Each structure stands twice: as structure tokens, then as C-alpha cells.
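When we follow my numbering, the leftmost residue of the sequence shown carries the number 1, and every step to the right adds one.
It is possible that some hints are incorrect.
Claimed, not checked - Taking lysine-lysine pairs in the BS3-like style, the calculated list, with each CA pair at most 27 Å apart, reads:
#, residue 1, residue 2
1, Lys105, Lys32
2, Lys11, Lys165
3, Lys165, Lys39
4, Lys11, Lys164
Calculated directly from the structure, the hints in this document are not laboratory data.
Predicted, not measured: the structure shown is a model, and the values here were computed from it.
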Amino acid sequence: MKAGENELYLKQNFWCTGGEITIRQDLFAADKLTHAAAKALTKIPNKILIEIPQGWLAGEFRFYSDSADNTSDVVEIYAASTSDSKPDHYRHVATLTLTNGTQEKETNTFIDTISAVSSWLTNKGAVSPADNTFASYAMNFHGHSHILAIATTLGSTTLGMEYKKL
1 MKAGENELYL KQNFWCTGGE ITIRQDLFAA DKLTHAAAKA LTKIPNKILI EIPQGWLAGE
61 FRFYSDSADN TSDVVEIYAA STSDSKPDHY RHVATLTLTN GTQEKETNTF IDTISAVSSW
121 LTNKGAVSPA DNTFASYAMN FHGHSHILAI ATTLGSTTLG MEYKKL
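Could you put together the complete structure from these sequences and hints?
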């Protein structure tokens, strides 16, 4: 490399803790999609609320649970560009059906199958090996500042979510 040239590289990004859900919710009606309503929900056990760091264009999610192999959960993903000073509304962007595998994560196991339903342009798809290693779901954030996740079907006692920058 010549003096003054910059070496380009892809920065490694590590998994961040999103939170855990222990109580299922009904799919949100319009009155529950406001900034205030989402913020008012107790973080644990009702929802996972992630504030996307500035500059993240896309992210990846992975899930884990305390349930047995082949247990299913359904997670609804919402996105919003919102803040306390500029409150706005969340919109539904994906439904993820998760199936538990056997790869251990501390005292839990990873979800190894994700079936994603999304017609919104954030959908980058699921990497779903169904081979007892972890599955993940990637999406383009399109400038949204927050991701909200709830479980509408909870076969697990505890369902956890992690995220990282792509």
C-alpha cells in the first residue's frame, strides 16, 4: 500500500441485547401504535423496544428462548421514526414465526427457523437454516429510529431478541 492510501475494511459488529418477552400481546390496534402508547408498555415482560443508533442503515435480529426443540412463537415487528420531542406512529412491518432449535445460548437455546411474512420494503429476509444453529432476520431500517417487537403467540416462557448492525 502506498503512503496516503486508506485501507478499506468492513467493521465487525457484535450482537446487542434487545430484551426479553414473557407475556403475549394481541396485534396492536391503531390507538396502540403511537409513540406514547408504545413507550408506556412495560419493557419486560410485554415488549422489546430498540432505539436504533444513528447511522444504522440495516440490522439483523436473532432470537432465543427457554423452550424445547420445535416450540413455536410468533413475533410482530413494528418500526417508527419517533422521539419524545417529535412523537410519531409505529407501523407494522413483519410477522415472524419462530421455531426453536437446540444450539445452546447460556441457559437458553437459539431459534433455528424463521418464517417471515412482510410485504414492506424493509424486508431483507430470513436466514433460516433449520439445522439447530441460529436463524436470523435482516431488514433495512429506511431511516426509522425505533423497532418494537411483541409476541402474539408465545409457546416459550421467555423469548429473547438480539440485534446488530449490518
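Evaluation of the provided hints:
no.	hint	in the structure
1	Lys105 x Lys32	violated (33 Å)
2	Lys11 x Lys165	holds (10 Å)
3	Lys165 x Lys39	holds (23 Å)
4	Lys11 x Lys164	holds (12 Å)
Comparing the model with each earlier hint shows a violation of hint 1 alone; every other hint is respected.
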